[in-house]
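Assemble the complex: chain A is given as a structure, and chain B must be docked to it using the hints.
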Amino acid sequence: MAPEELNETTCYLGCKDDNLIVGFEGNEDASIYKISDEVALVQTVDFITPVVDDPFVYGQIAAANSLSDVFAMGGNVKTALNVVGFDSLHHSKDVLKEILKGGEDKIRECGGVLSGGHTIETPEMIYGLSVTGIVHPAKIIRNNTLKEDDVIILTKPLGMGILTTAIKADLIGEEVIKEVAQILSTLNYKASLIAREVGVNAMTDVTGFGLLGHLYEMCANRFSIEVEFEKVPFLKEALNQAGMGIVPAGSYNNQAFVKKYVEFMRDLTFEEEMILFDAQTSGGLLISLSQNSAKEYLKRANEEGIFAKEIGSVKKLNNKLIYVK
Amino acid sequence: MNKKIDCRNMACPQPVLETKKALEEMKEGVLDVIVNSIASIQNVKRYAINNGFEPKIKELENGDTLITIVKGYECSVVDSDDEFLNKTIFIKHDRVGEGKLGNILMKGFLKTTLEFKKLPKNIVFVNRGVFLTTKESEIINILKEFEKRGVKIYSCGLCMNHYNIPSKELKIGEIGNAYDTMDMLLNTEVVSL
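Protein chains in written order, with the numbering used here: chain A, 4 to 328; chain B, 3 to 195.
Simulated from the structure, these hints should not be mistaken for laboratory data.
Do not rely on the hints blindly, as some may be mistaken.
[To be verified] Straight-line C-alpha distance at most 27 angstroms; calculated DSSO-like pairs for lysine-lysine:
(1) B/137 - B/170
(2) B/113 - B/170
(3) A/142 - A/262
(4) B/22 - A/239
(5) B/154 - B/94
(6) B/109 - B/170
(7) A/181 - A/104
(8) A/298 - A/318
(9) B/150 - B/170
(10) B/89 - B/29
(11) A/239 - B/23
(12) B/58 - A/262
(13) A/181 - B/22
(14) B/23 - B/60
(15) B/60 - A/262
Just chain A, with the same shape it has in the complex (with noise of 0.2 angstroms):
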């Protein structure tokens, strides 16, 4: 759903709790509910149509992208219960086993546990997962306190939305679908835990709203953000299909949206700014850290393996609240 619908939707409902720590205010990854000095509880929820052939494969995916929101917060995952719509109509009770069974790995790969769920019968395939995880109450991660002169840090290529509509129109290759799939079921786990080992001002993932979408939200109307366009990571896949009309209708909506608070100030192509437009599922962190922290998180993140790219940096508040240099 576009974002300002949302917002008109929900911002009737009375939420307020002295233990909620973080609820629907500042667009939060998830919700934050302290149960004591030393634990709350983390949660989320999120689910997805199917992005790719093998149910498996999809599991891993939709998994991923629920369990990210923990991650996103600085917390660890505990438990998870499936979120299933499922069209028997088309499909044998083994594409449901293998699905779960995607979900599942991915879930036990992180220190979580599956301990239920709930399916119903669905023309349209659903799949996705009610997670809840723990943080210290003084160590949640807020996606919205930047500090100046920090640095951006993004862990995953982005492009995903685009590739995916792609490949339900089947105009991809099995090699670049691969790629597709290793990226999307890709877990935020070690990039969040180096987040918290090395220290970091805020962090986020970027998923419906799109690289500028979740950047204008770190902003918060407090600082401007750069970002160099060049140091972007994307597939190069995604500019071939977004110029064949291959961009799907979520990131025009977030460009509808999000366009009045940027400033390009170099000329891109429309394929090149759908890019930072496009919707991600299951995208990767957005951190925002001191120069020193970012030299450290760079060379930990190499050592184990793990993707991250600097893309930008965080400015004083100036005129437009993201630059794309």
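This is chain B only, laid out in the frame that chain A set:
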């Protein structure tokens, strides 16, 4: 072969796929695609442009959008200036030179002119030339071919009066006036037969 496809309420990438399929099935013709979302308009337009077409976008009354893609024809808006030579054939007699040969030559030259791809914009008949546009003869049929291909044919009204030819006898083209005639003579290349 013309086609029309309704791609309203289709999620990306359906509209582009339907457009692609329709264009592949057409050897040449006009494809009309109806869509009703910004994403679809942008995507189909982008697909068409990147495949060498020139899509035309038109807002329909009910809020939908019509995208027209032409395949095969040399097909932008025909610029009439490009179709014609910027010339005027100026005919001041009913024959080219003296005698019966003059008649044969007039017929021959006009007929041969029709074999060219690009024709002069105008043919102007003055003085005895007006007999060619007012008397029944093979010349009239030849001139009709010029008219079919968009050439403008003018006969001098003053001259017709002088030779007592009533205007209703004019069998082809229009009665020209001095101003328009001079305009043609001054602004196009003049070929006198």
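Going through the numbered hints above, which ones does this structure break? Give me the numbers in ascending order. 3, 10
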